[in-house]
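Protein chains: 2
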Amino acid sequence: MSSFTAGVIVIGDEILSGRTLDTNSNFIAKKLIDAGIELVEVIVIQDNKKTIIEKVLNYSSKYSYVFTTGGIGPTHDDITSESISEAFELNYEFNQKAFEILSNYYPKGEFNESRQRMAKMPAGSELIINPMTAAPGFKIKNIYVLPGVPEIMQVMFTELVKTINKGNPKITRTINTDLYESKIANHLKNIQNKYKDSSIGSYPYFNLTAKTGGVNIVVSSWNMKSVQPIVDDIVDMIKLNGGKSSIV
Amino acid sequence: MSSFTAGVIVIGDEILSGRTLDTNSNFIAKKLIDAGIELVEVIVIQDNKKTIIEKVLNYSSKYSYVFTTGGIGPTHDDITSESISEAFELNYEFNQKAFEILSNYYPKGEFNESRQRMAKMPAGSELIINPMTAAPGFKIKNIYVLPGVPEIMQVMFTELVKTINKGNPKITRTINTDLYESKIANHLKNIQNKYKDSSIGSYPYFNLTAKTGGVNIVVSSWNMKSVQPIVDDIVDMIKLNGGKSSIV
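Chain order of the listed sequences is R and L.
Quick note: the first sequence uses this note's numbering, first residue 166, plus one each step.
Quick note: the second sequence uses this note's numbering, first residue 166, plus one each step.
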């Protein structure tokens with residue numbers, strides 16, 4: 166386990182109705198791995214104040230970092246900022262700096278009441294800058310609040326992740342083999358038992374038309390300096406069982 | 166709210182590392198909407214027995230139906246069946262019918278110990294048939310246990326969903342407009358307040374290069390016979406504000 170952990174809260178009815186495929190948590194997951202932060206859980210919840218409050222408090226106490234996506238726009242169904250204020254019993258108020266950024270961004274007369282709502286957040290928040298469409302995210306306690314639109318979220322997160330405390334990156338190596346999973350399952354289990362400080366994942370794939378398939382074996386560790394001995398053991402084991410292997 | 170609710174538990178380190186984009190929950194979400202079942206929560210968790218037990222028990226008590234994906238293959242990291250047995254204090258044992266199906270599927274001599282593991286499940290489980298690669302899923306209590314490989318999961322779920330109790334399908338209509346979200350936010354809020362038994366979602370999109378954009382407004386209801394009056398109100402409101410609208 167990494168010394169830094171994270172949880173992601175995806176807020177939005179549109180994900181739960183199947184209308185939108187969530188790709189934000191996958192983007193965040195990849196960046197966190199590189200940053201040495203272990204993503205432990207992702208949850209997708211409805212636009213519901215009570216649920217947002219409950220999950221934000223729960224994740225805030227469990228993980229080093231919490232990232233939320235969605236629900237910070239100008240409409241009535243955007244209730245993330247208000248809910249997080251309530252969760253921590255903080256005033257939900259205009260952030261002066263956010264107000265200025267938005268006020269400068271919109272043409273004169275177009276910074277209307279709905280848009281002004283995007284400058285409201287929990288008292289004491291630090292802004293997360295949005296270089297694309299101005300409306301900022303914010304950080305309060307260990308919660309980082311981001312928008313749901315992927316193009317905008319990705320640009321903001323990429324900058325954000327550079328600024329937070331990190332652990333050592335996870336070491337990962339992937340070995341591909343043409344052997345079926347069941348053929349190597351017992352051997353893999355033995356190798357896993359030999360190296361307790363690593364995680365060995367086995368991901369089969371099938372080409373159902375060609376009736377062929379194989380396995381990607383992913384070896385990873387947060388703590389070991391190198392996973393080469395494990396990779397060597399697996400490659401030898403595959404050879405002994407008459408299979409081909411390649412490092413991918 | 167529908168009279169039938171659901172939660173999805175996605176089990177797999179490969180999702181949390183960002184290696185694999187989860188598309189299973191999106192597929193399930195769409196099918197559930199059509200079936201009149203409200204998907205309330207999706208959670209992605211690690212291959213960890215304690216976590217699986219905790220979430221399965223929690224979801225089982227909260228929702229009408231629980232669907233899990235992942236972790237039912239032949240390798241050491243496939244611990245879903247074992248964990249669910251433990252959650253309900255049921256024997257983790259060979260299912261006779263599953264054993265026969267798998268034994269008939271594999272060529273003589275190839276139904277090895279690892280593959281036999283795929284026939285083990287909680288005592289009293291009902292099988293969920295897998296027409297592609299034989300290894301079945303299972304139902305125990307209100308938990309439906311499915312594989313993680315999307316091609317296989319999809320075929321199994323499509324058949325499965327026909328067999329379960331359903332509510333009335335959710336009625337959904339989508340209106341597109343070229344107006345910006347902030348221009349219509351207050352009006353939408355008023356329309357939402359007028360029709361409490363529906364949910365009005367506002368989903369902006371941006372073409373950042375062309376500096377254009379618009380909003381998809383999604384009107385939905387589990388209980389109303391028709392959402393046409395709401396659609397009419399929204400179309401009128403868009404016109405009054407100088408925008409174009411179309412039903413998509």
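Possibly wrong hints are sitting among the right ones.
Which residues of chain L face chain R? A few of them, derived with a C-beta cut under 8 Å, are [as the list claims (entries may be wrong)]: (1) S182; (2) G183; (3) K195; (4) V207; (5) G238; (6) I294; (7) T298; (8) V326; (9) N333; (10) G366; (11) P369; (12) T377; (13) G379.
Restricting the straight-line Cα-Cα distance to at most 30 Å, the calculated cross-link-like pairs of lysine-lysine (DSBU-like) are [what the hints assert, rightly or not]: (14) K354/L / K215/R; (15) K409/R / K354/R; (16) K215/L / K214/R; (17) K331/R / K354/L; (18) K331/L / K214/R; (19) K348/L / K361/L; (20) K214/L / K348/R; (21) K195/R / K306/R; (22) K304/L / K376/R; (23) K390/R / K214/L; (24) K409/L / K354/L.
Derived by calculation from the structure, the hints in this document are not laboratory data.
Here a beta-carbon is modelled for each residue, glycine too, at the ideal position from N, C-alpha and C.
Hints versus structure:
Look at S182/L: its Cβ gets to within about 6 Å of chain R, closer than 8 Å, so that hint holds up. A least Cβ separation of about 3 Å between G183/L and chain R falls short of the 8 Å threshold, and the interface hint therefore holds. Interface restraint check for K195/L: the shortest CB-CB distance to chain R comes to about 3 Å, inside 8 Å, so the restraint holds. Contact between V207/L and chain R, as hinted, is supported at the beta carbon level, the nearest pair being about 4 Å apart and thus within 8 Å.
For G238/L, the suggested interface contact is upheld, since its CB lies about 6 Å from the closest CB of chain R, less than 8 Å. Proximity of I294/L to chain R is violated relative to the hint, the smallest CB-CB distance being about 16 Å (cut-off 8 Å). The interface hint given for T298/L is met, as the beta carbon of that residue sits about 7 Å from the closest beta carbon of chain R, less than 8 Å. Against a cut-off of 8 Å between C-beta atoms, the interface hint on V326/L is violated, since the closest Cβ of chain R lies about 13 Å away.
Using the Cβ-Cβ criterion of 8 Å, the hint placing N333/L at the interface with chain R is not satisfied: the shortest such distance is roughly 15 Å. Using the Cβ-Cβ criterion of 8 Å, the hint placing G366/L at the interface with chain R is satisfied: the shortest such distance is roughly 6 Å. Because the closest C-beta pair between P369/L and chain R is about 6 Å apart, less than 8 Å, the hint holds. The beta carbon of T377/L is not positioned within 8 Å of any beta carbon in chain R (closest approach about 13 Å), and the interface hint is therefore violated.
Below 8 Å, beta-carbon pairs count as interface contacts, and G379/L has none with chain R, the closest being about 13 Å; its hint is therefore violated. A hinted pair counts as satisfied when its Cα atoms are at most 30 Å apart, and K354/L with K215/R qualifies at roughly 19 Å. Taken as a hint, the K409/R and K354/R pair is honoured in the structure, with Cα atoms around 19 Å apart against an allowance of 30 Å. For a cut-off of 30 Å, the pair hint linking K215/L to K214/R stands: about 29 Å separates their Cα positions.
The suggested pairing of K331/R with K354/L is violated, with an alpha-carbon distance near 42 Å, which exceeds 30 Å. In summary, the hint linking K331/L to K214/R is supported, as the alpha carbons are separated by about 27 Å, within the 30 Å threshold. Taken as a hint, the K348/L and K361/L pair is honoured in the structure, with Cα atoms around 22 Å apart against an allowance of 30 Å. Between K214/L and K348/R the alpha-carbon distance is near 24 Å, which keeps this suggested pair within the 30 Å criterion.
For a cut-off of 30 Å, the pair hint linking K195/R to K306/R stands: about 23 Å separates their Cα positions. For the hint linking K304/L to K376/R, the alpha-carbon distance of about 28 Å falls within 30 Å, and the restraint holds. Among the hinted pairs, K390/R with K214/L is consistent with the structure: their alpha-carbon atoms are about 27 Å apart, no more than 30 Å. In summary, the hint linking K409/L to K354/L is supported, as the alpha carbons are separated by about 19 Å, within the 30 Å threshold.
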